[in-house]
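Peer 1: Take a look at the letters that make up each chain.
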Amino acid sequence: MNRRTDHRTNGPATRRATLALAAATLLLAACTGTGGSTEGADAKAPDDPSRVSGTITVLTVRTDLVQDGTMDRYAAAFNKTYPKVKVEFQALTNYESEIKIRMNTENYGDVLLIPAVIEKDDYPKFFASLGSREERREKYRFTDFTTVDGKVYGQSPVGVAPGFVYNKRVWKEAGITEWPTTPDEFLAALKAVKSRTDAIPYYTNFAAQWPLTSWTYVNGSVSCDTGATTKLAEGNPWAEGADLRVADTLLHDIVAQGLAEKDPTTTNWEASKTRLAKGEIATQWLGTWAVVQFRDAARKAGVNPDDIGFMPFPAQVDGTFCAVVAPDYNQAVNIHSDHKEAARAWIDWFTDKSGYVEDNLAISPLRDAPLPEVLKPYEEEGVQLIEVDDARGAEVKRIDNESEVGIYKPDYRQDLVDLARGARDGDLDGFLDDLGRRWTETQKSLGS
Amino acid sequence: MAHLTEKARGTAPAAPAPPRPVPAPRRARLRRGVTPWLFLLAPLALLVTFTYAPIVNMVAYSFTDWDGVSPELRFTGPGNYTEIFTREDLFQVFFVSGYYLAASAVQIVAALYFATVLSFNVRFRNFFKGVLFFPYLINGVAIGFVFLYFFQDGGTLDSVLGLFGADPDHAWLGDPVSANTSLAGVSVWRYLGLNFVLFLGAIQSIPGELYEAAELDGANRWQQFRHIIAPGIKPVLTLTVILSVSGSLSAFEIPYIMTGGATGTETFVIQTVKLAFQFNKTGLASAAAVVLLLIILLVTWVQRRLVPDERVDLV
Numbered sequence: 001m002n003r004r005t006d007h008r009t010n011g012p013a014t015r016r017a018t019l020a021l022a023a024a025t026l027l028l029a030a031c032t033g034t035g036g037s038t039e040g041a042d043a044k045a046p047d048d049p050s051r052v053s054g055t056i057t058v059l060t061v062r063t064d065l066v067q068d069g070t071m072d073r074y075a076a077a078f079n080k081t082y083p084k085v086k087v088e089f090q091a092l093t094n095y096e097s098e099i100k101i102r103m104n105t106e107n108y109g110d111v112l113l114i115p116a117v118i119e120k121d122d123y124p125k126f127f128a129s130l131g132s133r134e135e136r137r138e139k140y141r142f143t144d145f146t147t148v149d150g151k152v153y154g155q156s157p158v159g160v161a162p163g164f165v166y167n168k169r170v171w172k173e174a175g176i177t178e179w180p181t182t183p184d185e186f187l188a189a190l191k192a193v194k195s196r197t198d199a200i201p202y203y204t205n206f207a208a209q210w211p212l213t214s215w216t217y218v219n220g221s222v223s224c225d226t227g228a229t230t231k232l233a234e235g236n237p238w239a240e241g242a243d244l245r246v247a248d249t250l251l252h253d254i255v256a257q258g259l260a261e262k263d264p265t266t267t268n269w270e271a272s273k274t275r276l277a278k279g280e281i282a283t284q285w286l287g288t289w290a291v292v293q294f295r296d297a298a299r300k301a302g303v304n305p306d307d308i309g310f311m312p313f314p315a316q317v318d319g320t321f322c323a324v325v326a327p328d329y330n331q332a333v334n335i336h337s338d339h340k341e342a343a344r345a346w347i348d349w350f351t352d353k354s355g356y357v358e359d360n361l362a363i364s365p366l367r368d369a370p371l372p373e374v375l376k377p378y379e380e381e382g383v384q385l386i387e388v389d390d391a392r393g394a395e396v397k398r399i400d401n402e403s404e405v406g407i408y409k410p411d412y413r414q415d416l417v418d419l420a421r422g423a424r425d426g427d428l429d430g431f432l433d434d435l436g437r438r439w440t441e442t443q444k445s446l447g448s
Numbered sequence: 001m002a003h004l005t006e007k008a009r010g011t012a013p014a015a016p017a018p019p020r021p022v023p024a025p026r027r028a029r030l031r032r033g034v035t036p037w038l039f040l041l042a043p044l045a046l047l048v049t050f051t052y053a054p055i056v057n058m059v060a061y062s063f064t065d066w067d068g069v070s071p072e073l074r075f076t077g078p079g080n081y082t083e084i085f086t087r088e089d090l091f092q093v094f095f096v097s098g099y100y101l102a103a104s105a106v107q108i109v110a111a112l113y114f115a116t117v118l119s120f121n122v123r124f125r126n127f128f129k130g131v132l133f134f135p136y137l138i139n140g141v142a143i144g145f146v147f148l149y150f151f152q153d154g155g156t157l158d159s160v161l162g163l164f165g166a167d168p169d170h171a172w173l174g175d176p177v178s179a180n181t182s183l184a185g186v187s188v189w190r191y192l193g194l195n196f197v198l199f200l201g202a203i204q205s206i207p208g209e210l211y212e213a214a215e216l217d218g219a220n221r222w223q224q225f226r227h228i229i230a231p232g233i234k235p236v237l238t239l240t241v242i243l244s245v246s247g248s249l250s251a252f253e254i255p256y257i258m259t260g261g262a263t264g265t266e267t268f269v270i271q272t273v274k275l276a277f278q279f280n281k282t283g284l285a286s287a288a289a290v291v292l293l294l295i296i297l298l299v300t301w302v303q304r305r306l307v308p309d310e311r312v313d314l315v
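Here the protein sequences line up with chains A and B, keeping their order.
This note's numbering numbers the first residue of the first sequence as 1 and each following residue consecutively.
This note's numbering numbers the first residue of the second sequence as 1 and each following residue consecutively.
Isolated chain B, as found in the complex:
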């Protein structure tokens, strides 16, 4: 979201600069230079304290054998990193991310579809917008518990299917494939709304005259989408894909709350949390977190390379 507002502000003229025939005195110029930083002081302090300092700390811990509480910690050099890269079991969990990646593809397509449909004049438009965005507002822990009941033996899902005459009698979280699919489904349910709102915002920033012109030229809905909407929201689309990929790699709260990583649903972050808080290997877990961060940065970089963020000019 921050991304969007930043963009919007960037395109608008900063401030109507009044003509200034005489150059301002040095003092005033200096003050003008300092003023923005004064405004930034509070947010920067918060950013540094709560984002950058912990990251630097984490990197520092990743070179130690700290157990998370003992006052003594030893410097182990790159030992933790060697361990991570030599133990294949630590990377096997990335297969689970595949389920979430597949789910994000579904999620993006669905969000795009709903955003397009609801950007035109549809009856009960605002109601549907609300319905789609609502799940994103619910606390992730609550969602986890709600869906535990949903997937329970004889729970909501089974009863609903029963209404349609199907009696699957299936333990939804019972085996790895169905458990991961179910969890990824919950993830889609939860984050669809956010993607949808991002797309909707982008679509609505496309000037309305374009549609009118297109309609006059006889373009149908699909052609309008293909040639106006799709290129018009390309930056947001790229951003969403990047966020989805990094989100899939670092999926955490839904599987953690619902299964705790049992039955083959362990993701990389769950594994890291377990290393840190269950086996008290804070050093190793920090290294794993750093590795995940690097992987996500790498994926993002590759994506930016493949799909450069060029200016879109529709008019």
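The shape of chain A in the complex, shown without the other chains:
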């Protein structure tokens, strides 16, 4: 069995008393608090690139790019403009949980990605401001996602849009050439894939957990509503016809009709890329960011990378598809950094000039930049790209955590998949209504 407790039950009582005393003394010393003295600091863009100096540590989730030297190449290019700044990278595999602990100290790098755990109102306590909302929004998208009291605290280097990554060849073999426009058409298409090809029509990636959370980013696509997040804060996300209900119902039906993999509990994310590229899997709900990785997998497996396609959620408003464009992780400057100018320089350069966007076929955060090649079909089909207003985003996250529903966490969708394949008692309506009840009750208790 698992053993987590140590056994030290045999010590005499006196020794235990001494230890308790020692522990108590130590606790007094151990109680620490993060000082808020630097609150409200700014990270100003340097005027003269040649005079900025210092060594900055950049935290990232891109373990792969740090290992294969891509990040160092970016740093080398950066040094051509900023010769005196030395950039060091730290890639964290389990970013969210590791950074959370580090942020209890002052030592969390000079440039970092704003973790989801930090409440938006607390941004000024942890990050230096990059400028006012007014001056930044002219040039950049997504500024509202990190704006607190008119000041912007982060900038995402890439924007992403959710969508189905699919194997064009398999879909064509199944006789589907047009994108489905309703969930029912989508299910019919998957059925055709199942009956006419050997491919698994849809792959949930249940075991990797996070791919299931991307279903939440359907929000906004169904209703084509830029106020979708505000609706989450104010209403029931699983009300009849609401975006999340449509999404979750589709996921449920895919699994319930046997259109997903046979054993979701032992799926393998890394292997799924190659399998989709080879045509063993037909479809996965992910995001634009995934296309590069799937094409890489195709190249490595020796199949045609152009088979990897990307399509929007099967829902239309007035005959038009909508796709939500949202920022990836936002980069920010540590408020305790000794080299804020250098850190700011890195963020600006990485966003504007590094080429990271093009390398990842991502949507540029610069307003005037062209769309990536992945989204060419979107332009041709006239898919409308919308940016959902995030003014109430912090509130939604608070409701999400407080209610333990977890729309940004994998748990309830894992339960949904279990429900759909009969490994859990209940029915879809009861399940979604229960989520809605918990959500709205928490809304009330937080609102009062």
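Worth flagging that the hints you see were computed from the coordinates, not collected in a lab.
Fair warning: this is a prediction, and the values are worked out from it, not measured in the lab.
Hints are not guaranteed to be accurate.
What the hints assert, rightly or not - Keeping only pairs whose Cα atoms sit at most 25 angstroms apart, straight-line, the calculated SDA-like set for lysine to any residue is: (1) LYS120(A) <-> LYS274(B); (2) LYS125(A) <-> PHE75(B); (3) LYS125(A) <-> LEU446(A); (4) LYS397(A) <-> ILE84(B).
Could you slot chain B onto chain A? The hints should help.
Peer 2: Here is chain B on its own, set in the frame of chain A:
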């Protein structure tokens, strides 16, 4: 393990005390009193810093609404504890511990059997000892991943069963009952070795003459086990049961790595971790951890009451 060595040291004479006719001067006595503490300084500092201080901290957090990172935290009094005891869904996960409890019964019996058999002269004895103990040496994360492949659709288990003509075509981690049984099975596979070594050590500390005498009296193997081995290793047996029960209540790494608590495999510790790191309710999670600690202490206390740890005297 620490337990055993402590015991062993306790029975051996501490040091051959030389006859000392004249009482030592006060200074020397004082120094003698201080000396052991000097030796203990380093381990005690480590123990306090890394075991007791965090526990005290955890108890302190359990009375707050801390989210794990925000510099502000509010004192909520016993609010977290009220929440834990009024939300039945938080305790439902203890049903999962039942699987691990059942598995520990299997595990103890198997370990006892192997330890007994291998304490006699068997061919390839040391080899088998190694085989049994080996799984315990492997990192728990690695075990989790290995067994994910093992239970995969068409994975090792299915292929092995296929060799014997059985074609179960069963998603082993697919439904709650089979998933929990599989995970508990992995747990047995992993911790059997440790129990086995504990038992083997205890059995080998029984003086060999007893067996010889028993054999002369015509006792068979089962009688030897029943009247010599079983009573001889009683303290270790009790200890193992206590550890198994507390281990079952706090099962964590294998289900966490293999299923992440999906499909009804969520244990109390996984739930606590999710509260702390997924929903950012560090205060509530600390309270849950304290409650688990208290439950384990209680179970241990009850067990010690039922089976008191008396001195065993075989000779």
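Peer 1: Tell me, in ascending order, the numbers of any earlier hints that this structure violates.
Peer 2: Failing hints: none at all.
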